[in-house]
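Protein chains: 2
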Amino acid sequence: MQNFRFLNKTEIIFGKDTQKEVGAEVKKHGSKVLLHYGSGHIKKSGLYDEVIESLNESNVDFIELGGVKPNPRLALVREGIALCREHKVDFILSVGGGSVIDSAKAIAVGARYDGDVWDFFYDKAVIKQAIPNGVVLTIPAAGSESSDGSVITDLPNKNKRHIGSPLIIPTFAIMNPELTYTLPAYQTACGTSDIMAHVMERYFTNVKDVDFTDRLCESTLKTMIHNAPLALANPSDYASRSEIMWAGTLAHNNLLDTGREGDWSTHMIEHEISGINDVAHGAGLSIVFPAYLKYVYKHDIARFVQFAVRVWNVDQSFGNPEQTALEGIARLESFLKSLGLPTMLSQIDLDESSFERIATNCRKTNDDGVGYFVKLYEQDIKNILKLAL
Amino acid sequence: MQNFRFLNKTEIIFGKDTQKEVGAEVKKHGSKVLLHYGSGHIKKSGLYDEVIESLNESNVDFIELGGVKPNPRLALVREGIALCREHKVDFILSVGGGSVIDSAKAIAVGARYDGDVWDFFYDKAVIKQAIPNGVVLTIPAAGSESSDGSVITDLPNKNKRHIGSPLIIPTFAIMNPELTYTLPAYQTACGTSDIMAHVMERYFTNVKDVDFTDRLCESTLKTMIHNAPLALANPSDYASRSEIMWAGTLAHNNLLDTGREGDWSTHMIEHEISGINDVAHGAGLSIVFPAYLKYVYKHDIARFVQFAVRVWNVDQSFGNPEQTALEGIARLESFLKSLGLPTMLSQIDLDESSFERIATNCRKTNDDGVGYFVKLYEQDIKNILKLAL
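So the protein lines, in turn, are chains A and B. For the record, in the first sequence the residue sitting at position 53 is 158 according to our numbering, with numbers rising by one throughout. For the record, in the second sequence the residue sitting at position 158 is 263 according to our numbering, with numbers rising by one throughout.
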């Protein structure tokens with residue numbers, strides 16, 4: 106196990122009707138608030154009205170900025186920053202999924218910085234301040250409600266970039282599983298893929314003696330494998346919706362990689378794909394992850410056997426560990442398919458002509474190779490993509 | 106799953122040599138510090154000198170109070186409170202195990218209260234303020250390094266009582282598994298029993314649909330079952346010592362009971378036993394827990410089958426769930442024995458003549474019966490104790 110520091114300051118407020126507490130929560134932290142949200146979904150569902158009512162009841166002074174799109178855009182972030190400066194905003198409330206929260210986090214750091222926010226995404230500046238932010242979560246997927254990360258897309262330049270800082274970890278996250286009943290099946294499936302990918306990025310590590318966190322990761326994956334099909338079969342099933350929602354947060358609040366080093370190359374490859382293709386992040390991951398695992402499993406067969414046996418209940422072939430390892434990957438792939446997710450690039454109309462660009466972009470900011478479990482170079486990335494054709 | 110709030114503000118600083126960071130950490134939080142510790146062990150091991158050196162290097166102004174004993178005493182708490190008031194202490198640093206930390210927490214609340222600290226332990230006053238506290242942990246067991254609880258014993262009156270408040274959760278916990286190499290085998294075993302009990306108190310719940318936290322509990326128990334024998338066989342094994350130490354913290358920082366309701370009757374019964382007998386808490390628990398489980402398993406056989414199969418790898422008798430349930434309890438008991446722990450009251454020289462007193466004391470502050478999984482009344486408690494004879 107490696108040395109580590111762990112602290113997560115997000116207060117989780119979980120359960121039925123908790124969105125009604127948002128006004129009182131916001132009031133504790135801010136006097137001038139930016140309410141940030143996405144498209145019309147929260148207006149149709151009535152959540153928008155509930156949030157406004159709660160904010161008004163608590164006499165919260167707020168301004169609004171809606172319109173966040175999936176793969177949230179730099180242009181809107183810049184608009185938010187200008188608004189925050191103009192109105193001296195001291196707290197940002199996101200109502201939505203990972204895209205809205207990521208957008209809010211980027212606004213939060215940009216508004217407290219004299220230069221352009223995009224500097225942070227190219228390591229040209231270090232995050233030293235941020236407006237505090239809070240969340241009403243509607244989509245369990247990105248884990249952004251309690252994570253230190255934000256991913257923003259510069260659409261005109263087809264560029265998707267990431268920042269990370271403890272300063273952007275939300276102060277609170279209000280999570281009512283009932284708010285996820287109306288998610289389309291495809292979005293529930295994409296969220297499942299994203300959550301499982303967050304765990305698997307951490308699971309495939311070269312750090313030895315990580316028994317406890319291995320087991321916590323396996324528990325989180327098994328929870329998703331058990332509950333995602335139940336939620337798809339019965340979208341208003343509180344039990345499975347709540348398991349998924351809580352697992353989605355713990356999958357990405359840094360608890361599961363205490364003492365380990367994760368890989369993250371699948372996320373990096375997927376970011377390049379969805380930067381040029383605008384595919385949903387979870388769908389991009391369901392294509393890349395099985396291909397990635399098929400490409401790297403020989404690096405540590407014992408770990409892949411553990412993954413197969415403990416996570417996928419594969420009946421172990423003791424004399425043929427490779428067979429067991431491959432069966433685990435096959436079960437992951439077939440599970441993702443069963444959720445209605447794509448597992449091949451052809452399903453999102455991406456062919457070999459994009460491989461060079463994806464590989465080059467991935468490597469551009471990773472001089473030392475992409476990922477930590479196995480270092481990937483241009484040809485490796487192209488080989489992985491070929492396995493997903 | 107029940108609605109819940111979860112926030113744990115302890116920054117975990119984990120790994121080799123981390124005790125050297127204590128001065129810098131304390132300096133962030135306090136200007137006048139009480140250094141609190143136990144008997145001579147930290148002086149013999151050299152840890153005391155390391156801590157003093159680090160505090161001096163960071164120019165921390167501190168006073169000292171040593172002498173905390175297992176089952177920490179109210180008298181020393183009162184002494185600490187007087188010291189804190191006299192020297193206007195604004196931060197308390199504990200160096201030791203759960204007893205030292207619990208003692209520090211009681212001092213922390215008592216020093217910021219005009220009445221007598223014992224009021225809090227009888228719900229005669231509500232905790233509204235506390236001096237912040239930090240920890241250098243030497244014994245993985247009580248989980249006090251990141252918990253909201255403290256247990257203090259009024260020895261002259263043989264009275265052991267508990268308080269809980271988010272205000273006493275430590276600000277940081279420095280955890281170097283190497284510091285646990287010199288623990289006597291019996292103390293390692295007692296710590297294991299305590300950690301497992303913290304998980305099992307949460308595991309046996311009447312709340313339905315708690316799949317994810319069930320699995321996290323099971324992972325924590327399996328981690329202890331796998332690693333405790335390794336640490337006993339090789340006390341300087343960093344791998345197993347680190348798994349035990351990290352599991353011990355997560356077992357009791359409230360993560361594992363998010364959305365559930367724990368039982369805690371075993372802890373309440375054990376507190377009465379160690380209040381009159383001064384047996385180590387973990388040893389008291391290893392006596393009471395198997396007996397308790399044998400007494401209540403019929404209340405929810407399915408849950409006990411799950412415990413047996415998932416935690417103890419019992420080969421399930423599908424046609425005879427009771428047999429499977431009992432085999433799980435038997436394996437727990439035999440595991441505790443294998444660690445060198447007592448599992449019968451006769452081993453700590455306690456006989457039936459004390460049962461009345463234990464049962465009456467337990468019930469005294471629990472009008473509505475003891476525990477939440479199954480409500481226990483005087484006769485139930487006596488029956489459980491009989492099963493442990």
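Rather than coming from a laboratory, the hints here were simulated on the basis of the structure. Treat the hints with care, since some could be wrong.
It does not matter which identical chain is meant; a pair holds if it fits inside one copy or across any two.
Stated by the list, open to error - Within a straight-line C-alpha distance of at most 25 Å, the following computed BS3-like cross-link-like pairs (lysine-lysine) qualify: (1) Lys-491 / Lys-132; (2) Lys-114 / Lys-399; (3) Lys-487 / Lys-137; (4) Lys-313 / Lys-114; (5) Lys-442 / Lys-469; (6) Lys-193 / Lys-133; (7) Lys-121 / Lys-313; (8) Lys-121 / Lys-229; (9) Lys-480 / Lys-469; (10) Lys-233 / Lys-114; (11) Lys-233 / Lys-133.
Results of checking the hints against the structure:
Taking CA atoms no more than 25 Å apart as the test, Lys-491 paired with Lys-132 passes in neither setting, with 52 Å inside one copy and 55 Å between copies. Neither within a single protomer nor between protomers do Lys-114 and Lys-399 lie at most 25 Å apart by alpha-carbon distance, with minima of 37 Å and 40 Å respectively. In this homomeric assembly, Lys-487 and Lys-137 never come within 25 Å of each other (Cα to Cα): the closest approach is 49 Å inside a single copy and 60 Å across copies. In this assembly of identical chains, Lys-313 and Lys-114 lie within 25 Å of each other by CA distance neither inside one copy nor across copies; the values are 28 Å within and 28 Å between.
Taking the shortest alpha-carbon separations for Lys-442 and Lys-469, neither the intra-copy value of 32 Å nor the inter-copy value of 58 Å comes in at or below 25 Å. For the identical chains of this complex, Lys-193 and Lys-133 are intra-copy neighbours only, at 17 Å inside a copy versus 29 Å across copies, given an alpha-carbon limit of 25 Å. For the identical chains of this complex, Lys-121 and Lys-313 are inter-copy neighbours only, at 15 Å across copies versus 41 Å inside a copy, given an alpha-carbon limit of 25 Å. Taking CA atoms no more than 25 Å apart as the test, Lys-121 paired with Lys-229 passes in neither setting, with 43 Å inside one copy and 33 Å between copies.
In the homo-oligomer, the alpha carbons of Lys-480 and Lys-469 lie at most 25 Å apart inside one protomer (14 Å), although the nearest pairing across protomers, at 63 Å, exceeds that limit. Taking the shortest Cα distances, Lys-233 and Lys-114 sit within 25 Å of each other both inside one copy (17 Å) and across copies (21 Å). For a Cα distance limit of 25 Å, the shortest separation of Lys-233 from Lys-133 qualifies both inside one copy, at 23 Å, and across copies, at 18 Å.
When each numbered hint is compared with the structure, violations occur for hints 1, 2, 3, 4, 5 and 8.
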